[in-house]
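In the order they appear, the protein sequences are chains G and S. So the first sequence is residues 1 to 107, counted in my numbering. So the second sequence is residues 1 to 119, counted in my numbering.
Calculated directly from the structure, the hints in this document are not laboratory data. Keep in mind that a hint or two might mislead.
Some, not all, of what chain S presents toward chain G, calculated at C-beta under 10 Å [what the hints assert, rightly or not]: (1) 4; (2) 8; (3) 11; (4) 12; (5) 45; (6) 46; (7) 47; (8) 91; (9) 93; (10) 100; (11) 102; (12) 106; (13) 107; (14) 109; (15) 110; (16) 111.
Below are the DSS-like pairs computed for lysine-lysine, each with C-alpha atoms no more than 25 Å apart in a straight line [stated by the list, open to error]: (17) 65(S) with 39(G); (18) 43(S) with 77(S); (19) 77(S) with 107(G); (20) 43(S) with 42(G).
Which bits of chain G does chain S cover? Going by a derived footprint, with three or more residues having C-beta under 8 Å, they are [said to hold, decoys possible]: (21) 44-58; (22) 91-99.
Every residue, glycine too, gets a C-beta built ideally from N, C-alpha and C.
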Amino acid sequence: DIQMTQSPSSLSASVGDRVTITCRASQTISRYLNWYQQKPGKAPKLLIYAASSLQSGVPSRFSGSGSGTDFTLTISSLQPEDFATYYCQQTYSTLFTFGPGTTVDIK
Amino acid sequence: EVQLVESGGGLVQPGGSLRLSCAASGFTFSNYWMHWVRQAPGKGLVWVSRINSDGSNTDYADSVKGRFTISRDNAKKTLYLQMNSLRAEDTAVYYCARDNLVMTALDYWGQGTLVTVSS
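Using the sequences plus the hints, can you model the full thing?
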């Protein structure tokens, strides 16, 4: 099974900050990596698919990069509505593992 | 507008069964693969199962294989998850989600339905 890790597990940031979250796969997954945002009590929302493709309707301050085993999600200028938990997910092999999540809260 | 609405959650005793439903609207349901994902209280997301567009192919997480069955009725635009031999560790919010068919990204999600397994 492919294991996914994320770092950091949580971070505190201010509005306007540049935020980077890292996701690492236990084996190569090419670009089969998606990013989701989840707010408390709400369903997850797709932000980025295929490592770097921006989902329709998602603000351009979100971007993704990487391939192989190492990936990043970047928020170029953090907005109040971006405080949430972010999950990566590999879809290279069935089992479609999610990472443990990174919580972004207000400094 | 794409909508996915889950139902069927509730309180069930260990060893019991429950069937979840996910009613789809706003898109051609029969064209899309569909998934179930669950989230235990205060925990992260866990993929549960997937079904292809005509229901002929399914996949399951090891933790539910042999106990859960995913199915669909394209005429009714409804996805199902039959859950048998339920355990306390199956307690979670269960989400249905649509596969965008591009590297299996889940582009639309329902609001979730809570399943509690407890005596």
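Structure-based check of each hint:
1. 4: Hint holds; residue 4(S) Cβ to chain G Cβ min 9 Å, cut 10 Å.
2. 8: violated (17 Å)
3. 11: violated (20 Å)
4. 12: violated (22 Å)
5. 45: OK, holds: residue 45(S) within 10 Å of chain G, min 4 Å.
6. 46: Hint holds; residue 46(S) Cβ to chain G Cβ min 7 Å, cut 10 Å.
7. 47: OK, holds: residue 47(S) within 10 Å of chain G, min 4 Å.
8. 91: For residue 91(S), the interface hint is violated, since the closest Cβ of chain G sits about 17 Å away, which is over 10 Å.
9. 93: holds (9 Å)
10. 100: holds (7 Å)
11. 102: holds (6 Å)
12. 106: holds (6 Å)
13. 107: holds (5 Å)
14. 109: holds (4 Å)
15. 110: Given a least distance of 7 Å, the restraint on residue 110(S) holds.
16. 111: holds (6 Å)
17. 65(S) with 39(G): violated (29 Å)
18. 43(S) with 77(S): Judged against 25 Å, a Cα distance of about 30 Å means the pair is violated.
19. 77(S) with 107(G): violated (45 Å)
20. 43(S) with 42(G): Status holds; Cα separation ~13 Å.
21. 44-58: Holds: 7 residues of the segment 44-58 of chain G have a Cβ under 8 Å from chain S.
22. 91-99: n = 7 at 8 Å, threshold three: holds.
Hint violations for this structure: numbers 2, 3, 4, 8, 17, 18, 19, all remaining hints satisfied.
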